[in-house]
Amino acid sequence: MIPELGHFALIVGLLLSLALSILPIAGSYSARPLWMEAARPLALGVFAFVFIAYVCLTVAFIQSDFTVNYVAQNSNSILPIYYKITAVWGGHEGSILLWLLIQAGWAAAVALFGRQLPPELLARVLSVLGMVLIGFFLFIILTSNPFDRTLPFPPMEGSDLNPLLQDPGMIFHPPLLYMGYVGFSVAFAFAIAALLGGHLDAVWARWARPWTVVAWAFLTLGIALGSWWAYYELGWGGWWFWDPVENASLMPWLVGTALMHSLAVTEKRGLFKSWTILLAIFAFSLSLLGTFLVRSGVITSVHAFATDPLRGSFILGFLAVVVGISLLLFALRAPAVSARSVFSFRSLETFLLGNNILLILIMAMVLTGTLYPLVADALNLGKISVGPPFFNLFFVPLMVVLCLLLGMGVRANWKDSRWDKLLSAWRLPFLAALVVALVWPLAFDHYHWGAVLGLFIGAWVFCASLADIVSKTRNAKSFVAGLKRQRASYYGMHLAHIGLAVAVLGVVLTTVYSVEEDLRMGAGDSHKVAGYDFDFGGVRLAQGPNYRAFEGVIHVSKNGKPVAELYPQKRNYFSGGNTMTEAAIDTGLFRDIYVALGEPLDRSNPSGDWAVRLQYKAFVVWIWLGALLMAIGGGIAVADKRYRKARAAREASLSGNLAAA
Amino acid sequence: MHPVRKQRLILVLVLVALSSAAVGFVTYAMRENMDYFYAPSAFAAGEVPFEKRIRAGGCVVPGSVQRAEDSLDVQFVITDGEAELAVVFDKILPDLFAEGEAAVISGQLMPSGVLRADQVLAKHDENYTPPEVAESMVSHEGCTDGAKI
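Protein chains in written order, with our numbering: chain P, 7 to 667; chain W, 589 to 737.
Rather than coming from a laboratory, the hints here were simulated on the basis of the structure.
Keep in mind that a hint or two might mislead.
[As the list claims (entries may be wrong)] Per label pair, the in silico range of CB-to-CB distance: (1) W/R593 to P/V327: 17 to 27 Å; (2) W/P637 to P/T156: 41 to 51 Å; (3) W/G688 to P/V402: 37 to 47 Å; (4) P/G537 to W/R619: 54 to 64 Å; (5) P/I147 to W/T615: 53 to 63 Å; (6) W/V600 to P/S484: 52 to 62 Å; (7) W/K594 to P/K274: 49 to 59 Å; (8) W/L599 to P/S350: 14 to 24 Å; (9) W/R619 to P/V327: 32 to 42 Å; (10) W/K594 to P/G244: 35 to 45 Å; (11) P/D422 to W/S608: 48 to 58 Å.
These numbers come from a predicted model, not from an experiment.
By construction, the Cβ of each residue, glycine as well, lies at the ideal position given by its N, Cα and C atoms.
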């Protein structure tokens, strides 16, 4: 009964989103306030029904209701309860339901927090979100229904959640990633509403900005968490592979980053308007493209979902409709919203334009590398894969230029700056970064010029941000008083930039100074990696709630002093018969010691020699710390009082108008 | 022509020129950094260049996995149902690597006719077969069938 209730709730949700997509927007054109007013309760209603469906599926998982096909495929009765709850998004159908829930959640959030928006704008934004919701409702109901039954012959036992997903990282990764992916649909809806309305002003940008920043911050966290999970869970110790599925999330992030910066120009200076709109359309389109790539089975990836061509064609069709209609609308209406204004070559506008061009270039490059194998296959040019050398060839130099521009741009003014002032502002951070870059590699066992260049780039961004904060506080009575005078969004920006610097430093140091060795080791063997002694004490048996494991015992010491005891596992899950590596990591701020078990080299004798991977990963945590700082920076920027003040001011002017009337 | 229109036309032409240059450059870079995929029968037919980074894929022939006594070196044979290809590897094999299952290998073909792998990819979940492997199998039906020859 409960699965049918969930299915029914989905259908009701679809009907409500149909009404949401038609009624308010029609009302906005025929000036019927009542129809426009309907947008908010309808959006909340859609969310309520998706929530009911979501709860129904969760209940089916908790009750181990194997008459539901999706539950039977992604759970079993001995799965721990917390993984039963997260197994809801462990497979395709359920993750689309989560997607839908978050999509409806964003629409409900706009309905709740958007009360002070101009009524036509709110009605149109919610209608556009309603149209997007229809697409996902149809997708789930027609191609990916999680409530399909296995009746009349249900299996006695489910076939288990993929063991790779039985991990805390996987509990948080999909919801955060989807919050970001789906969040860009709000920016998209704002862009379409602006095109429909035919005007785009600072108030519009001030509204669209926080929504975009929040979505971007979530996406940043989601990507970072996915990369961290790949690092510790897959046992390879890598954090980015240029895998098509990873690229699918990187592309919207790059465009979202460009969009955030372009929105800043639109809000402060009223420029880049049509460009901002185009970026908002692209960011959401790339989220959809990512979904298509991951779920259609067209790409080879270690992460690809088991797939179904019908689903792929549906998303491709949906993508075509969304991109087609929005670009058509853009072509027809963009001239109406565009503005002309003047800015000097030395202005902040120029640097932000450079930032946008570089980010879009990087995205275009990633897109080319990701799609080229598909195109080549379709044209019968052979089966090709584009590997990391291609991506690094572009990514590294373009990122270097981007970071150089960033450090220069943070010191520039709007409209115009003076060369002498700019040059003197750049001098000190430049020298500081140079010293850091030349000295830091001395701390490692070999001097590496690539590291010098990379460290310079990271340190340059860091020092330029600090220098800007110092100079902004110089004229105040005291340093603290000066700090207090700046806005939250100012600190958010600098924190995010410093986060980027930290991530760059982590990437460079890890790439250059990490050591990885795959070895054959027996009990009692010892090996030295990067100055650390690894003593292998053999393997023993260990027992988990739903798996059995061989557990390696590895003592790590440096110069005779014990550093860590690590217990990597090779797990065998009772249900699926899958083997899983559980790496053991001693994390530190400056290095990780990372060990993973391969396999017993003589299958008949597990207490004999094992394949063991020993790794020293320099500064690897900085990559994720940097991403965390970026996301926190986004959060702080959104907390800026300006966004609420604008609301208050609007309310005041509205009530003033009413009083006057 | 109206001066504003003329200005726009020039802008468009410049953009077109720049983007074609970019596309050309990308294509060139891609040519240098692409890995072609070959099925084992292409190796047998001599279509695969030596000592160039390529990818291969097929089903791991049951019973073919052999380990060295004193190192990590491992040898196995993959097949597409028609021809067989020997692969050598000296690192840790992925968890889902198994006899009778699909695997995709990047590496170089040695003059001896053996593929030296620098990366072995197995899949993420047990129901997934990489599309290249599925297509290159003579039976087009995944591994357990094809590997039985």
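- Tell me, which hint numbers fail for this structure? 1, 4, 5, 7, 10 and 11
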